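A.B. asks: Between the sequences and the hints, there should be enough to build the whole structure, so can you do that?
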Amino acid sequence: MLRIGNASGFYGDRFTAVEEMLSGGPLDVLTGDYLAELTMLILGRDRLKDPGRGYARTFLRQLETSLGLARDRGVKLVVNAGGLNPTALADAVRGLAERLGVPARVAHVEGDDLTARPHGWGEGVLTANAYLGGGGITACLRGGADVVVTGRVTDAALVSGAAAWHHGWSDGDLDALAGAVVAGHVLECGTQTTGGNYAFWQELPQGPPYGFPLAEVAADGSSVITKHPGTGGGVTVGTVTAQLLYETDGARYLGPDVTARLDTVRLTPDGADRVRIDGVRGEAPPPTVKVGLTRLGGHRNEVGFLLTGLDVEAKAALVQQQMAAVLGKARPEHVRWELVRTDRPDAAVQEEASALLRLVVRDRDAEAVGRAVSGAAVELALASVPGFHLTAPPGKGAPYGVFEAAYVPAADVPHTAVLPDGRRVPVPPPGTTREPAPVPEPSLPPPLAAGPLRRAPLGAVAGARSGDKGGSANVGVWVRTDDAWRWLVHTLTVDRFRALLPETAGLPVTRHVLPNLRALNFAVDGLLGEGVAAQARFDPQAKAVGEWLRSRHLEIPEVLL
638 MLRIGNASGF YGDRFTAVEE MLSGGPLDVL TGDYLAELTM LILGRDRLKD PGRGYARTFL
698 RQLETSLGLA RDRGVKLVVN AGGLNPTALA DAVRGLAERL GVPARVAHVE GDDLTARPHG
758 WGEGVLTANA YLGGGGITAC LRGGADVVVT GRVTDAALVS GAAAWHHGWS DGDLDALAGA
818 VVAGHVLECG TQTTGGNYAF WQELPQGPPY GFPLAEVAAD GSSVITKHPG TGGGVTVGTV
878 TAQLLYETDG ARYLGPDVTA RLDTVRLTPD GADRVRIDGV RGEAPPPTVK VGLTRLGGHR
938 NEVGFLLTGL DVEAKAALVQ QQMAAVLGKA RPEHVRWELV RTDRPDAAVQ EEASALLRLV
998 VRDRDAEAVG RAVSGAAVEL ALASVPGFHL TAPPGKGAPY GVFEAAYVPA ADVPHTAVLP
1058 DGRRVPVPPP GTTREPAPVP EPSLPPPLAA GPLRRAPLGA VAGARSGDKG GSANVGVWVR
1118 TDDAWRWLVH TLTVDRFRAL LPETAGLPVT RHVLPNLRAL NFAVDGLLGE GVAAQARFDP
1178 QAKAVGEWLR SRHLEIPEVL L
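Numbering (my numbering), first residue to last: 638 to 1198.
You may find that some hints are simply not true.
Listed next, the in silico DMTMM-like pairs over lysine to aspartate or glutamate satisfying Cα-Cα at most 25 Å (straight line) [said to hold, decoys possible]:
1. Lys-1180 / Glu-1140
2. Lys-1033 / Asp-1002
3. Lys-1033 / Glu-1016
4. Lys-1033 / Glu-1140
5. Lys-1106 / Glu-1016
6. Lys-1106 / Glu-1195
7. Lys-686 / Glu-1016
8. Lys-686 / Glu-656
These are calculated hints, taken from the structure and not from any lab test. Computed from a prediction, not measured in an experiment: that's the story for all the values here.
C.D. replies: Listed below in structure tokens is the structure:
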């Protein structure tokens, strides 16, 4: 059995987590996920300022106190903190180890950076990185590495690559690899598995900070998800279900090493803070590899007008009319107005009597969205609606980024493991591939018998978890009993989903049915515009769309309430 933990779900996660995981209980491997779509853009801008940068420097600072602890406890470290420059981070770790007097064999994985390769990315691409699988990690660990640094690998590859090393799996062990990929997906976002962002958070112990998760991965790829004793939060079938649905799409979870069938996943309790994952089936991976592209999209600015008291909608209309007249032909390329009604009648506190009118502008020209916009808003101060004031003083436009996904043949990606002794080991693409195809919708259970209904929020019976993939969002919805599932699967259709979330009404929405999890997963294309870096929406990563859905009211059978 491999006991593998996680100590980071994003660049900026809890700094002390590495030390906490190393000292909190036994581990064989500790992983850290530092990368996201937005992170690649941030690191790309860092690299523009200094070609020697482009990696997550937080990891180095964490090693100051944790490298010796990891070596004393015999724990391997596997992280994607290398970002855009894994070679430089690996060299920096070696330098740190020498300075600390801690012997550490450091290896790294290269080949994901395709920015300069002739793939026709178009103009303005800042970064182009392939999502590598776990083969390079496996090769580095087989080569004796104590620390493995990667760039852009799939988040789950940190776990599946280490599991393949520990258990001696080959490319053909598809079910085992798929099981490890599912375990890796559950671990990758850290404390989201132990109660963070969890719909039913009030059912969990609230005390110490949520502990980071770990998985006990068996030789057949099955696993038990748990956490160190004495840490906060909890591991339940619900918390694991929520993370399984996070940022996924259909029943086929595509990866560069294996396609995991999410519709085969079984979750069962295995004791306090222990959930078993088994039954996962694997298929050959697709013939292409995903490439994440980031580019500087232009500049953006934002102005918040606070509208207080009576006639809020009429006041909002006047402000928009006045701003349009002032900007005239200098109007930015993209203008978005949102009126956020946080006001209430007869409010005893001024803030509760106010609504927010939000203006977001974007343009390729920084000047077009700078003080030409924010200054124009300020100049209305004495010539507009009564009680006029803004949330912030005038400011300049800020650059924003755009994330896109492209796909290249796996054979075009020079996946390479650089071992501790400097040897370079090519990692071949999978020998067998399979073109992805949608899974037919499974047969549905019979509807719940008719009975009395009561209008109530969906969240009274269902949990949800939402997230982003480029410009698209996913919303996973699950319930905890068979009767609730019989109701949910027949009630929450695409049409009902669009009616409950009117922002999605004009967008492509696809529903995926996952009976083993009693879950529905909705993919909403285009909800986030050009992605989180563009910040075109109030909730640019769709983190709270699931909670919005849970807050919506509909007729629910009283027997479920």
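A.B. asks: With reference to the structure, classify each hint as holding or not holding.
C.D. replies: Hint check results:
This hinted pair checks out: Lys-1180 and Glu-1140 have alpha carbons roughly 15 Å apart, not beyond 25 Å. Taking the CA atoms of Lys-1033 and Asp-1002, the gap is about 12 Å. The hint holds against a cut of 25 Å. A threshold of 25 Å between alpha carbons decides the hint, and for Lys-1033 with Glu-1016 the separation of about 16 Å falls inside it, so the pair holds. With a CA separation close to 29 Å, the supplied pair Lys-1033 and Glu-1140 exceeds the 25 Å bound.
For the given pair, Lys-1106 sits about 39 Å from Glu-1016 by alpha-carbon distance, which is inconsistent with the 25 Å threshold. At roughly 36 Å between alpha-carbon atoms, Lys-1106 and Glu-1195 are farther apart than 25 Å, so this suggested pair is violated. With a C-alpha separation of about 36 Å, the suggested pair Lys-686 and Glu-1016 falls outside the 25 Å cut-off, and the hint is violated. For a cut-off of 25 Å, the pair hint linking Lys-686 to Glu-656 is broken: about 31 Å separates their Cα positions.
Violated hints, listed in ascending order, are 4, 5, 6, 7 and 8; each of the other numbered hints is respected by the structure.
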